[in-house]
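Below are the chains, spelled out letter by letter.
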Amino acid sequence: MTASTPYDTILIGAGMSGLAAGIRLAQFDQRVLVLDRHYLWGGLNSYYKHKGRRFDVGLHALTNFVPKGTRGRPLTRVLRQLRIPYDSLRLGEQRGSRSVVGDTDLHFSNDFELLRSEVARQFPSQAAAFDAMAHELETLPFDVPEGQESARAYLTRHLGEARLVDLLLLPILFYGSPTPSDVDFPSFLVLWKSLYEEGFARPAGGIRPLLDALRARYLELGGELRMKAGVAEILHENGRTQGVRLDDGTEILSERVISSAGRVETLSLCGETLASTYGPEHAGRMTFVESTTLLDQPAPDLGWTDTIVFFSQGEHAIYEEPQEAVSFASGVICCPENYADQVPESEGVLRLTLMANAERWKAMTDEEYVAAKEQAWAKGLETVSLYGPDVREQVVAKDAFTPRTIEHFTGHLNGAVYGCPHKDKSGTTPLEGLFLCGTDQGYLGIIGAMLSGVAMANRHALLPA
Amino acid sequence: MTHEEIVQAVKDIIHTIAPDEEIGGLNLTDPLRDQIELDSMDFLDIVMELRKRYGVQVPEDDYKELATLQGCADYLAPHLADHELVTNA
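Going down the list, the sequences are from chains A and B. Here the first sequence is numbered in the working numbering, starting from 1 and rising by one per residue. Here the second sequence is numbered in the working numbering, starting from 1 and rising by one per residue.
Check each hint, because a few of them may be wrong.
[What the hints assert, rightly or not] Using 27 Å as the maximum straight-line C-alpha spacing, the simulated DSS-like pairs for lysine-lysine come out as follows:
(1) Lys425(A) with Lys64(B)
(2) Lys11(B) with Lys52(B)
(3) Lys423(A) with Lys193(A)
(4) Lys228(A) with Lys362(A)
(5) Lys51(A) with Lys425(A)
(6) Lys11(B) with Lys68(A)
[Claimed, not checked] Short, incomplete list of chain A residues facing chain B, as computed with Cβ under 8 Å:
(7) Phe28
(8) Gly52
(9) Gly69
(10) Arg71
(11) Gln81
(12) Ile84
(13) Arg157
(14) Leu159
(15) Arg163
(16) Glu321
(17) Asn458
Hints are computed from structural coordinates only; laboratory data are not their basis. Note that the Cβ used here is the ideal one computed from N, Cα and C, for glycine as well.
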């Protein structure tokens, strides 16, 4: 056992929130150490190479898109706090997306007027009610207190029409709900603004340039980053944080630790007494199988013109943990080529995200697992052809990740992408000096993750006590 | 530093944290928040940069003194009398 020099702050997890928090602290000369068990940074938004091809994980869209110079919005606020120039992201806006429930579809883009006109076209009797609701949502601040009413109850109260409620809710659920079929109002508001009022964009080149820029900025400011350095235990005495012990037994001391591992996961590192205050039964269950299919020509050339399609085959917006390993009843199809200003690629890309049952995937033998992945991909692509041109003859490569992959590489229990249902913006824990950032805070998406890291670094490590 | 230099020091800091804002035309007496887009996170950054560049600690209760450039100059003058202006890199 060795003890090394103390750090002002140790950050657990080199994802978007941990790196953003690290940049903030290093910017103001704190001695910061970011630790991650994986060999690649990025956490839930990362990338990897497979058979010579690069695959992105997580990123369908950078939500919260606003044009350069827009004031007081999450994107511009987070960039300013991290001192990253807007233009360096080289954001390309979406061409257009749609939500499909049963046989009804609703198109939307970064221009809110399209959504408004689509509602008026499909649901003329609800047009005025929609306008009134949209106005109310626009004027609410980002951080409303948790109320009794859920997103579905709110939408139903305003709009009545069940199909319209489902069409509006489907993208919101898929892009951020930790709970089945519905989401709490504060998260709904954040998602409504980031998906519909603001919009979708993609950094040229995908997630990698953004991640590499964050990492480079952090290192340039003097931050320390250690990969393949998993935290096995958070050390504490008399209710105060003392540091961490790594998987290899090394102890690193610091009176402040900010963890992006998730609330349940972080407390499980603090010993049994604390772990039992918020056990694994509180972990989220919303997880996905996502496949990426590469095509022999660009997907737009094959007639695939949507940026993102959120679909639900039944009469309602289906968003729940399936009984079987994976469900084809609903999902999200993303064509990253349908963003403006993308670096032209010779191969086309389609990504399909489907709801999954983590326990089923974890119980499989390796052989069953490989077969199930193959089947999820094949049947998935068949499902994709219901919503656009059939590209099954054009496939040149593919890969998929599952709840098992997510849990293995990110440590999030059940591979729960949107964390546990109970969101807490304060970031505090029962331990003095131990704080949380990331997905269990209720900030959503890539920008939300970074904002969470920034906010927690500001509040718990920079503001005078 | 003179009052004028302190005003320049604060403007330099604002330029660092908000490079897209036009700081040339800032006047001394109107609240900074009314002249350019600065939120509470940005004010924290101004305070942090003052500490980093000049070693001045501004307690949270005194943030309100920094609302205008004139306020900054008045409040910071005793703290910065013995400091040289640090120019932006």
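Cross-check of the supplied hints:
1. Restraint check for Lys425(A) and Lys64(B): satisfied, since their Cα atoms lie roughly 26 Å apart, inside the 27 Å limit.
2. Distance restraint check for Lys11(B) and Lys52(B): the Cα-Cα separation of roughly 15 Å lies within the 27 Å cut-off, and the hinted pair is therefore satisfied.
3. Of the supplied pair hints, the one linking Lys423(A) and Lys193(A) holds, its CA atoms being roughly 18 Å apart against a limit of 27 Å.
4. A C-alpha spacing of about 23 Å is found between Lys228(A) and Lys362(A), which places the hinted pair at or below 27 Å, so the restraint holds.
5. At most 27 Å may separate the alpha-carbon atoms for a hinted pair to count; Lys51(A) and Lys425(A) exceed this at roughly 41 Å.
6. Annotation: proposed proximity of Lys11(B) to Lys68(A) holds, straight-line Cα distance about 22 Å (limit 27 Å).
7. With 8 Å as the threshold, the beta carbon of Phe28(A) comes within range of chain B, its nearest partner Cβ sitting at about 5 Å, so the hint holds.
8. Given the 8 Å rule on beta carbons, the hint for Gly52(A) is violated: about 40 Å separates it from the nearest Cβ of chain B.
9. With its C-beta approaching chain B no nearer than about 6 Å, Gly69(A) sits inside the 8 Å limit, and its interface hint holds.
10. Taken as an interface hint, Arg71(A) checks out: its beta carbon lies about 4 Å from the nearest beta carbon of chain B, inside 8 Å.
11. Annotation: interface hint on Gln81(A) holds; nearest CB of chain B at approximately 6 Å, less than 8 Å.
12. Violation of the interface hint for Ile84(A) is found here, the shortest Cβ-Cβ separation to chain B being roughly 11 Å, above the 8 Å cut-off.
13. A cut of 8 Å between beta carbons decides the hint on Arg157(A): the least distance to chain B is about 32 Å, and the hint is violated.
14. Against a cut-off of 8 Å between C-beta atoms, the interface hint on Leu159(A) is violated, since the closest Cβ of chain B lies about 33 Å away.
15. A least Cβ separation of about 39 Å between Arg163(A) and chain B goes past the 8 Å threshold, and the interface hint is therefore violated.
16. Interface hint status for Glu321(A): violated, as the beta-carbon distance to the closest one in chain B is roughly 37 Å, over 8 Å.
17. With a least beta-carbon distance of about 6 Å to chain B, the hint placing Asn458(A) at the interface is held under the 8 Å criterion.
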